[in-house]
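Position chain B relative to chain A; hints supplied.
Keeping their order, the protein sequence lines are chains A and B.
Sequence positions in the first sequence follow our numbering and run 1 to 92.
Sequence positions in the second sequence follow our numbering and run 1 to 92.
I should point out that these hints are in silico values taken from the structure, not numbers from a laboratory.
Be aware that a few hints might be false.
Since the list can't tell identical chains apart, any single copy or any two copies may satisfy a pair.
[What the hints assert, rightly or not] The list that follows gives simulated cross-link-like pairs (lysine-lysine, DSS-like), each with its CA atoms no further than 25 Å apart:
1) K26 to K79
2) K5 to K71
3) K10 to K50
4) K80 to K5
5) K90 to K79
6) K90 to K50
7) K50 to K30
8) K71 to K10
2 protein chains.
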Amino acid sequence: MGRNKISIQKIRDERIRNITYYKRKKGLIKKAMELSLLCDIDIFVGIYPKQISQNQLLIFSTKNINIFVDKYIRNPLIKKEIYGLKDVSKII
Amino acid sequence: MGRNKISIQKIRDERIRNITYYKRKKGLIKKAMELSLLCDIDIFVGIYPKQISQNQLLIFSTKNINIFVDKYIRNPLIKKEIYGLKDVSKII
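Pulled out of the complex, with its shape left as it was, chain A reads as follows:
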């Protein structure tokens, strides 16, 4: 049994979209955790699933969230390399 390549666009079927969300959310957190441990680095992941049943922010962070925000994200002394959905081809 092979795996079909899926095209990366919004899944229309809500049920399938929710299943995909639950599976991939776990995968993403796992990858973040592994990268953090293997390379001894700080990582913050925030996931906000607007329409999906539990309307809450899921956070995985190796540091206290407020420390992450103030010491890293909002610290003008730290250089930042910022990418959005459109820029992803630049880093991948």
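Frame of chain A; chain B shown alone:
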């Protein structure tokens, strides 16, 4: 040629650790981008590689960073589910 399972702990060899960082960083951003598109959700990823050459914060965010921080992370009206390295077994 098979793949060996690696144990998830800090890689001692700096060169290998840096290579792993560059590879896995791309993988993590790719997974975040895919999850965001497939499920139409907002995601923020912040990676801070302390010792690694470029000492800067790498951010991938589907929204403007300040909006993400103020509207989601620091919004007391939004419920938050927060996990650190120790809690990962609870979601994976």
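Now the hints, each set against the structure:
With identical chains, the CA atoms of K26 and K79 are at most 25 Å apart between copies only, with a shortest distance of 19 Å across copies and 30 Å within one. Proximity of K5 and K71 under a CA criterion of 25 Å is satisfied in neither setting, with 40 Å inside one chain copy and 35 Å between copies. In this assembly of identical chains, K10 and K50 lie within 25 Å of each other by CA distance solely inside one copy; the values are 13 Å within and 35 Å between copies. For a Cα distance limit of 25 Å, the shortest separation of K80 from K5 qualifies neither inside one copy, at 33 Å, nor across copies, at 33 Å.
Taking the shortest alpha-carbon separations for K90 and K79, only the intra-copy value of 18 Å comes in at or below 25 Å, while the best inter-copy value is 33 Å. In this homomeric assembly, K90 and K50 come within 25 Å of each other (Cα to Cα) only across copies, at 22 Å, whereas the closest approach inside a single copy is 27 Å. Taking the shortest alpha-carbon separations for K50 and K30, both the intra-copy value of 22 Å and the inter-copy value of 20 Å come in at or below 25 Å. Taking the shortest Cα distances, K71 and K10 sit within 25 Å of each other only across copies (23 Å), while inside one copy they are farther apart (34 Å).
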